[in-house]
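Quick mapping for you: the protein sequence lines, in order, are chains Y and L.
Going by our numbering, the first sequence opens with residue 32, and the numbers climb by one from there.
Going by our numbering, the second sequence opens with residue 124, and the numbers climb by one from there.
By construction, these hints were calculated from the structure, which means they are not laboratory data.
All values reported here derive from a predicted model rather than from experimental measurement.
Careful: at least some of the hints might be erroneous.
Partial chain L-side listing against chain Y, Cβ under 7 Å, derived [unchecked claim]:
1. 343
2. 347
3. 384
4. 393
5. 394
All C-beta atoms, glycine included, are put in the ideal place defined by N, C-alpha and C.
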Amino acid sequence: MIEMNNVTKTYKNGVNALNNIDILIEKGEFVYVVGPSGAGKSTFIKMIYREEKPSDGSITIHGTDLTTLKEKHVPHLRRKIGVVFQDFKLLPRLSVFENVAFALEVIEESRDVIRKRVMEVLDIVKLKNKARFLPDELSGGEQQRVSIARAIVNYPRVVIADEPTGNLDPDTSWEIMEILENINRNGTTILMATHNREIVNAIKKRVIAIEAGRIVRDETRGTYGYEK
Amino acid sequence: MMKQGGPTAMKSRTLVRHGKEGMKNIGRNGWMSFASISAVTIMLLVVGVFLLLIMNMNHFMSSVEEDVEVRVYIDVTASDQEQEELEEELKQLENVDSVTYLSKDEGLDQLINSLGDNSEAFESLRDENPLNDAFILQATSPQLTENVAEQAQELPNIERVDFGEQVVEQLFNVTNILRIIGVVLVLGLMFTAMFLISNTIKLTIVARQKEIQIMKLVGAANGFIRWPFFIEGLLLGVAGSVIPIAVMTGGYHYLYDAYADRLSLNFAEMLPVFPLTLQVSLVLLGIGILVGIWGSITSVRKFLKV
């Protein structure tokens, strides 16, 4: 469960990214975050994995109050949250397997656990047969699937996807959505910032629209809006 | 609660990983690593030379200091009773360790002995000894010698009070100047070396920024992220101390073999090779490690703060 109360974020340079945001996202929801570039979507998302701290208001994630969370406990929060980016952020020198395993190695999981879980999530994203490939040898869609595998290998309760289909062609985008929906079906909360009108309108989910730092729309089975 | 990635909780496999990463980093920025190691090397060479010099000076000084004493010459007109009273009073003075009586004949013997080959001229003095009977005072510490002399000066039945003030002061001065030059040079060089190490590590951090970002995102503990850089700094420091330790040990060995015998004739004595070189080696290694770690910590802290 993600709860924001009266959250405001003003950056040091004076830019006011978010204003009095109140939101409640239940466990297991699938939520699109839409809105024009620069509206505050990224800030909204960064708040959730504590990349940014609110200037005012409070954020609670699964009972953890992020505003009072100590710096040394941030890593523990992040282990419960998977993050997927538009540009994948894979390590080019590591194989697919190693890229996914990396997320478990750095939290010092045992070798056996790593092997078991990595193969499990590579199966979920249908890349088991490409485990030894390097990221460069994969298509964009496949690379994004690797990054999704890395995001879920920790069994996170929340997956945050920041324009996961932004760099992908339409067909590949649908594949990615299918995988995200599968993950969501297993009870994982998904928060996806997107500019992809077709997807939002076709796969009906809750839509939160942010404009100029405020939530202007919050619909249970919404549409992309912003029609031309 | 999940485990913290601190040094105590670390598994041996993880330590191996950090070690490998640290070494990889050094190779990744070969020239900067070379520059840092060179800076540590030069700094430690200077530290080594100064340490050897200062320790030998100290050794020399303490042997000289042991000879520093206050001679209280008794007035020839003093009666035996007055002499005894004087001895009592001297013993009562502050900071006096011991009082010994030295008759004028013994005094002359000492003088003649100390002059060695030139002593014959003084033999004729035996019949008409110009010296006085004296008390020899030893202060509780060499630095208090002057203080003891001043107190003794005030007592009655004394002809004069002598102590080797000039020798003592000059020695203190020389050693102090050496120490100051050493400390200033060493501090300056230490900062240079630290600065270079810290810059080298910054470069490796920049090269690995993507990796670090991902590590943070998937919840690696800060300690875990820092370790490889920490080890890198440590290795740079250790690598920089190898040549200075070798040069210092070899060089001192050589100097000792060549000069120790000749010097000891002139009352100055070199410290033996062992354990001095071992002690100095450990100090150099310690400083190398310290500078390396210090350099890495200063650079990592700024970068990993998010």
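- Task: Verify the interface restraint on residue 393(L): the C-beta must sit less than 7 Å from at least one C-beta of chain Y.
- Result: 53 Å, violated
- Restraint outcome when residue 384(L) is required to lie within 7 Å of chain Y by C-beta distance: Violated: closest Cβ of chain Y sits about 60 Å from residue 384(L), beyond 7 Å.
- Query: Is the interface hint for residue 343(L) satisfied, with its Cβ closer than 7 Å to some Cβ of chain Y?
  - Reply: Since the shortest Cβ distance to chain Y is 4 Å, the answer is holds.
- Closest C-beta approach of residue 347(L) to chain Y relative to 7 Å, hint status: 6 Å, holds
- Using 7 Å as the Cβ threshold, decide whether residue 394(L) counts as touching chain Y. 49 Å, violated
Hints 3, 4 and 5, counting from the list given before, are not met by this structure.
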